[in-house]
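*Asks:* The lines below spell out each chain.
Number of protein chains: 2
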Amino acid sequence: MNAEIIAVGSELLLGQIANTNGQYISKELALLGIDVYRHTVVGDNASRLREALAEAEERADIVILTGGLGPTDDDLTRETVAAHLGKKIAVHSPSLENIETFFAKSKRAVTASNRKQAHHIVGSNVFLNQAGLACGMACSNERTHFLLLPGPPREMKAMFQASVKPYIKNLYPKAKAVRSRVLRFFGIGESSLEDQLKDLIETQTNPTLAPLAEEGEVTLRLTIKEQDRDLAIKSLDDLECKVRQRVGDYLYGYGEDTLMGKALELLKEKEWTVAAAESLTGGLFSQELTSLPGASSVFAGGVITYTNEVKENVLGIDSLLLERDGAVSENCAKKMAEQVKEKFKSSIGISFTGVAGPGAHEGKLPGDVWVGVATPEGSFAKNLTLSGSRSTIRIQTVKHGAHLLLKV
Amino acid sequence: MNAEIIAVGSELLLGQIANTNGQYISKELALLGIDVYRHTVVGDNASRLREALAEAEERADIVILTGGLGPTDDDLTRETVAAHLGKKIAVHSPSLENIETFFAKSKRAVTASNRKQAHHIVGSNVFLNQAGLACGMACSNERTHFLLLPGPPREMKAMFQASVKPYIKNLYPKAKAVRSRVLRFFGIGESSLEDQLKDLIETQTNPTLAPLAEEGEVTLRLTIKEQDRDLAIKSLDDLECKVRQRVGDYLYGYGEDTLMGKALELLKEKEWTVAAAESLTGGLFSQELTSLPGASSVFAGGVITYTNEVKENVLGIDSLLLERDGAVSENCAKKMAEQVKEKFKSSIGISFTGVAGPGAHEGKLPGDVWVGVATPEGSFAKNLTLSGSRSTIRIQTVKHGAHLLLKV
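Chains B and Z, in that order, are what the protein sequence lines are.
Residues 1 to 408 (the UniProt record's numbering) are what the first sequence spells out, left to right.
Residues 1 to 408 (the UniProt record's numbering) are what the second sequence spells out, left to right.
Hints are computed from structural coordinates only; laboratory data are not their basis.
Warning: the hint list may mix true and false statements.
[As the list claims (entries may be wrong)] Cβ-to-Cβ under 10 angstroms is the rule here; a few derived chain B residues that face chain Z:
1) Ile5
2) Gly22
3) Asp35
4) Tyr37
5) Val42
6) Gly253
7) Ser291
8) Val303
9) Arg390
[To be verified] Derived EDC-like pairs (lysine to aspartate or glutamate); straight-line CA-CA distance at most 16 angstroms:
10) B/Lys176 / B/Glu28
11) B/Lys27 / Z/Glu11
12) Z/Lys27 / B/Glu11
13) B/Lys407 / B/Glu265
14) B/Lys345 / Z/Glu312
15) Z/Lys345 / B/Glu377
16) B/Lys345 / Z/Glu309
17) Z/Lys345 / B/Glu312
[As the list claims (entries may be wrong)] Examples of chain Z residues lying across from chain B (beta carbon under 10 angstroms, computed):
18) Leu12
19) Gln16
20) Glu28
21) Gly33
22) Ala52
23) Arg221
24) Ser379
25) Phe380
26) Leu384
Since this is a predicted model, take the numbers as computed values, not measurements.
Where a beta carbon is used, it is the ideal one built from N, C-alpha and C, also for glycine.
Please model the entire structure based on the sequences and the hints provided.
*Replies:* Okay, structure coming up:
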């Protein structure tokens with residue numbers, strides 16, 4: 001089985017948006033064991049879309065189309081596929097009800113153009129839209145299945161999960177399922193991780209290992225093609241075990257885990273609270289922690305001490321310390337962590353002081369950073385030497401902070 | 001003139017990355033007056049790439065390829081295009097020198113596979129890579145120009161700006177240049193803006209107007225096809241003037257302007273400083289302001305008062321006020337702004353208190369938000385009723401805060 005994806009929309013060809021739908025669907029199809037051989041983007045133009053349909057059906061078992069199901073005259077995917085297949089268009093009643101309910105809620109009348117979004121190709125399998133108005137559908141000729149999905153990513157994803165996945169699984173019950181597991185590492189570079197796993201990466205064929213650098217972290221994707229679920233998991237477990245023996249010290253999580261998420265989990269588990277004193281990070285640590293639901297049970301609060309005056313007046317750092325050691329120093333980082341812990345009555349205090357750039361500060365270069373941690377047992381500070389833009393340095397600093405919390 | 005873009009790389013078909021190169025090049029070509037009719041993505045597979053080349057050359061004047069110029073055996077764009085055109089491959093000496101210099105700097109020997117990145121198609125125009133190793137190139141047959149660019153976006157963009165743009169301008173000196181201007185609005189919805197500009201949007205053909213909703217903001221792109229620079233600008237000015245007469249109250253900036261960036265500019269101009277007391281936003285306002293270079297001259301600091309205890313102890317909010325009015329109230333927002341202004345000795349204090357969700361808080365629903373502002377003239381607070389996810393509510397709240405600073 002192989003598939004092609006056709007995204008329809010002039011906004012894609014004008015560069016207003018990227019084809020993230022193609023990416024999403026490709027990833028999902030890979031997990032279903034379906035190979036994707038081509039993505040195509042065409043504009044809102046019936047003849048060019050027909051050309052693309054005719055080409056794709058020569059090659060592919062499944063053609064998934066996104067976009068062009070909207071209410072305006074530009075939206076012509078449904079009509080073009082119907083013409084290509086020699087089929088008619090008709091209203092799909094449950095989809096029309098869906099649209100009528102939506103408009104009733106906002107006390108507006110259904111317009112004729114919105115009504116069009118309930119049209120389907122006669123004889124197709126209709127996918128209800130649970131996140132919007134236009135229905136999706138699947139229809140076939142003797143050689144190829146055509147699946148039509150809406151363009152807005154939120155609607156497309158909801159429909160893919162609810163309807164398209166089961167539909168494809170049902171079409172190809174014997175596709176060899178692909179399972180993958182992503183391990184997340186912090187504190188080790190991509191090339192160094194690759195060096196330590198070189199023989200595994202080069203010799204393993206099923207499962208395979210693929211490292212990827214991601215904003216100062218490294219992920220390792222283990223992928224296996226295997227129908228039997230238990231065998232697949234066992235095989236991934238074995239490989240993960242080999243990986244852990246070599247670089248387990250740097251492993252902090254799986255899949256969509258984040259350093260901050262793991263730190264939050266750990267703090268919850270220990271029933272600890274944390275308060276933050278942020279200088280170069282300007283609130284980024286607090287913002288990231290509080291962006292996670294449930295943060296309120298562990299986050300006592302924070303202070304952003306962007307100037308030495310505030311470090312003195314609000315946090316109570318001794319002006320002598322600031323004069324003697326400077327704000328970017330081990331002593332200042334420790335003191336900031338201790339003071340914020342005391343002021344906010346938290347179990348742990350964490351502090352960030354350093355130079356984000358672009359310019360130097362107090363004679364220190366961008367990337368010179370101290371992270372301080374105060375616990376009931378005492379305080380310490382860690383020096384980092386980071387490189388990159390202002391934004392990169394701030395992001396890396398916060399990741400190191402979350403990582404330190406994981407080790408406390 | 002019309003162009004097609006072919007991105008080569010199995011990582012795209014596996015969904016590991018989106019085809020952002022296609023988006024970037026499309027946007028650039030539009031500005032050069034070149035229409036893009038199709039994007040194609042194929043994997044690292046010579047026969048499927050040849051098929052795509054043969055199809056594209058039937059339709060397009062220019063075919064731009066990205067990716068597949070790397071050092072590994074998978075990288076076969078150069079060889080495949082050469083075979084398609086019946087041309088030979090040879091070393092390009094200046095590119096080889098570029099690679100040798102790079103390796104000498106990091107004190108490593110040039111490997112055979114890296115040497116491959118200095119290969120070019122004989123007879124092509126070579127584009128030096130100023131941000132990486134693989135050279136790019138342009139070669140033609142009697143009907144189509146093929147341009148080969150590296151896949152990593154940073155390298156591709158640098159090469160596009162330095163070499164590809166002048167090359168295409170030289171090919172088509174008479175292409176009608178497209179100029180566009182983006183106006184940014186806040187405080188008005190997309191449909192309401194469209195209603196007020198409906199006749200202009202529908203009747204204008206050159207320049208055209210296109211509204212787009214963007215995270216609680218609306219942008220309006222004015223686009224004109226006109227060779228003469230002064231005429232183009234005059235025409236855009238005239239249209240902007242008409243737009244301003246109707247919705248000018250909501251216009252806050254142009255192009256890449258942001259609300260926070262404009263607020264920073266204004267504060268600098270007035271030589272004012274600001275301090276922030278953040279509850280539901282958890283540091284997001286401070287983080288966004290301090291992410292801008294130059295923020296240190298206007299940002300006095302901030303405090304994140306995630307709990308009532310901290311509001312009392314750190315910020316000095318009266319516990320009676322918190323009991324009587326609650327934390328999510330006009331009085332609390334005003335008091336927070338006043339107190340943070342005083343504690344941090346700033347010209348202005350700004351505060352954010354409300355419910356980000358997912359759950360209710362103190363009997364208030366998610367999206368119920370107060371933004372407080374304290375100035376030397378007094379303080380006030382504005383109530384917002386926002387909807388969406390926790391993240392959306394926080395982002396919208398901060399935008400409203402920046403917008404209030406613009407009006408102070």
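*Asks:* Look at each hint and say if it fits the structure.
*Replies:* Comparing the hints with the structure gives:
{"no.": "1", "hint": "Ile5", "verdict": "9 angstroms, holds"}
{"no.": "2", "hint": "Gly22", "verdict": "7 angstroms, holds"}
{"no.": "3", "hint": "Asp35", "verdict": "8 angstroms, holds"}
{"no.": "4", "hint": "Tyr37", "verdict": "6 angstroms, holds"}
{"no.": "5", "hint": "Val42", "verdict": "6 angstroms, holds"}
{"no.": "6", "hint": "Gly253", "verdict": "19 angstroms, violated"}
{"no.": "7", "hint": "Ser291", "verdict": "6 angstroms, holds"}
{"no.": "8", "hint": "Val303", "verdict": "5 angstroms, holds"}
{"no.": "9", "hint": "Arg390", "verdict": "6 angstroms, holds"}
{"no.": "10", "hint": "B/Lys176 / B/Glu28", "verdict": "14 angstroms, holds"}
{"no.": "11", "hint": "B/Lys27 / Z/Glu11", "verdict": "10 angstroms, holds"}
{"no.": "12", "hint": "Z/Lys27 / B/Glu11", "verdict": "10 angstroms, holds"}
{"no.": "13", "hint": "B/Lys407 / B/Glu265", "verdict": "13 angstroms, holds"}
{"no.": "14", "hint": "B/Lys345 / Z/Glu312", "verdict": "12 angstroms, holds"}
{"no.": "15", "hint": "Z/Lys345 / B/Glu377", "verdict": "34 angstroms, violated"}
{"no.": "16", "hint": "B/Lys345 / Z/Glu309", "verdict": "9 angstroms, holds"}
{"no.": "17", "hint": "Z/Lys345 / B/Glu312", "verdict": "12 angstroms, holds"}
{"no.": "18", "hint": "Leu12", "verdict": "7 angstroms, holds"}
{"no.": "19", "hint": "Gln16", "verdict": "7 angstroms, holds"}
{"no.": "20", "hint": "Glu28", "verdict": "7 angstroms, holds"}
{"no.": "21", "hint": "Gly33", "verdict": "13 angstroms, violated"}
{"no.": "22", "hint": "Ala52", "verdict": "8 angstroms, holds"}
{"no.": "23", "hint": "Arg221", "verdict": "8 angstroms, holds"}
{"no.": "24", "hint": "Ser379", "verdict": "20 angstroms, violated"}
{"no.": "25", "hint": "Phe380", "verdict": "23 angstroms, violated"}
{"no.": "26", "hint": "Leu384", "verdict": "18 angstroms, violated"}
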